[in-house]
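Asker: From just these sequences and the hints, can you work out the full model?
The opening residue of the sequence shown carries number 1 in our numbering; numbering runs sequentially from there.
Quick caveat, the hints were computed from the structure, so don't treat them as lab data.
You may find that some hints are simply not true.
[Stated by the list, open to error] Simulated DEER-style distance windows between Cβ atoms: (1) R63 to R225: 28 to 34 Å; (2) R225 to N155: 36 to 42 Å; (3) L30 to D159: 36 to 42 Å; (4) I85 to E52: 31 to 37 Å; (5) E99 to P230: 56 to 62 Å; (6) I64 to I209: 29 to 35 Å.
Beta carbons: idealized from backbone N, C-alpha and C, even for Gly.
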Amino acid sequence: MVIYDRLGNLTPLDAAAVAVLLLSWYLIGLWIEHPGRRRPSVTVIMADYRREWFRQLVTREPRIFDAQVVASMRQGTSFFASTAILAIGGALALIGNTERLIGVAEDLTLSGTPATVWQIKLILITLFLTNSFLKFVWSNRLFGYCSVVMASVPNNASDPQAYARAAQAGELNIRAAWNFNRGLRSLYFALGTLAWMLGPVPLLVANAITLYILWEREFASTSRRILTDPNSLKS
Numbered sequence: 001m002v003i004y005d006r007l008g009n010l011t012p013l014d015a016a017a018v019a020v021l022l023l024s025w026y027l028i029g030l031w032i033e034h035p036g037r038r039r040p041s042v043t044v045i046m047a048d049y050r051r052e053w054f055r056q057l058v059t060r061e062p063r064i065f066d067a068q069v070v071a072s073m074r075q076g077t078s079f080f081a082s083t084a085i086l087a088i089g090g091a092l093a094l095i096g097n098t099e100r101l102i103g104v105a106e107d108l109t110l111s112g113t114p115a116t117v118w119q120i121k122l123i124l125i126t127l128f129l130t131n132s133f134l135k136f137v138w139s140n141r142l143f144g145y146c147s148v149v150m151a152s153v154p155n156n157a158s159d160p161q162a163y164a165r166a167a168q169a170g171e172l173n174i175r176a177a178w179n180f181n182r183g184l185r186s187l188y189f190a191l192g193t194l195a196w197m198l199g200p201v202p203l204l205v206a207n208a209i210t211l212y213i214l215w216e217r218e219f220a221s222t223s224r225r226i227l228t229d230p231n232s233l234k235s
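Answerer: Put into C-alpha cells, the structure is as follows:
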C-alpha cells in the first residue's frame, strides 16, 4: 500500500517514459544478440572471431599469449564490477538521505517535487546498476571457466579432444563477452535514466540518444566496417 501511494506521485507521462525505457533496453539487447544474417552486429561478428581464435589456439606454441588475453579480459570485468558496486553504494546512500535529495531538487530548481519521487527515480537507476554489476561478475566467472578449459586443451593437435575442448573454451569466452556487453548496456541505460531527474521528457530524449549510441556502435561504426571489410583500412 505504501509503495502504491508513492507511485501515485508519478504522472502518467512518467509511467509511459519508464515503460518506453524498459522496452527499449530489452529490445535493443535482443536485436544486438539476434540481429539476423543480413546485417550482423559487432557482438555477433566478434563471436566468430573468438571461435577462430580458439581454433588457432590448438596449434599455437606456446599459449602464453592466449592466457594473457583472457587475463586482461578478466581485469576489465573486475574494473567495471568495482565501478558498478561503488555507484550502487552512492545511489543507495542518496536514497536513504532525504535531506540530500531535497538539496538536489533545489539545485535543479525542482524544489516542489516530493522526496519520494526522487527516491523512486534513484531506485530505477540502482536497478540498472545492480543488473550491470551482476552481469560483470558473471562475465568474470565465465572468463575464469574459459581459462580452466583452455588450459585443459591437449598440446598435441592430433589428439581427438583438442579441437572439441578448444571449441568449449571458445563458447565460454563468447558467453562471458556477451554478459560483459549486457553489463555495459545496463550502464548506458543507468546513465540515461539520470535524465529522469529533470522530468519524463528529458528521460525520453536521453533514452533515444542511448538507443542511437548502442545501435551506431553495433551496426554502423567504423570498427564494424573494419571487422567486416579489411579493404576499408586506410593506408
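Asker: Is 56 to 62 Å a correct range for the gap between the Cβ atoms of E99 and P230?
Answerer: The hint (56 to 62 Å, Cβ to Cβ) holds, given that E99 and P230 are roughly 58 Å apart.
Asker: Does the Cβ pair I64, I209 satisfy 29 to 35 Å?
Answerer: For I209 against I64, whose Cβ atoms are near 42 Å apart, the range 29 to 35 Å is violated.
Asker: That 36 to 42 Å hint for L30 and D159 (C-beta), does it hold up?
Answerer: Because 39 Å falls inside the window, the suggested range holds.
Asker: Using the C-beta atoms of R63 and R225, is the stated range 28 to 34 Å upheld?
Answerer: holds, 31 Å
Asker: Determine whether the Cβ-Cβ distance between I85 and E52 falls within the hinted range of 31 to 37 Å.
Answerer: Hint holds: Cβ distance 34 Å, inside 31 to 37 Å.
Asker: Quick check on a hinted range of 36 to 42 Å for R225 and N155, using CB atoms only.
Answerer: The hint (36 to 42 Å, Cβ to Cβ) holds, given that R225 and N155 are roughly 38 Å apart.
Consistency with the previously given hints fails for number 6 only.
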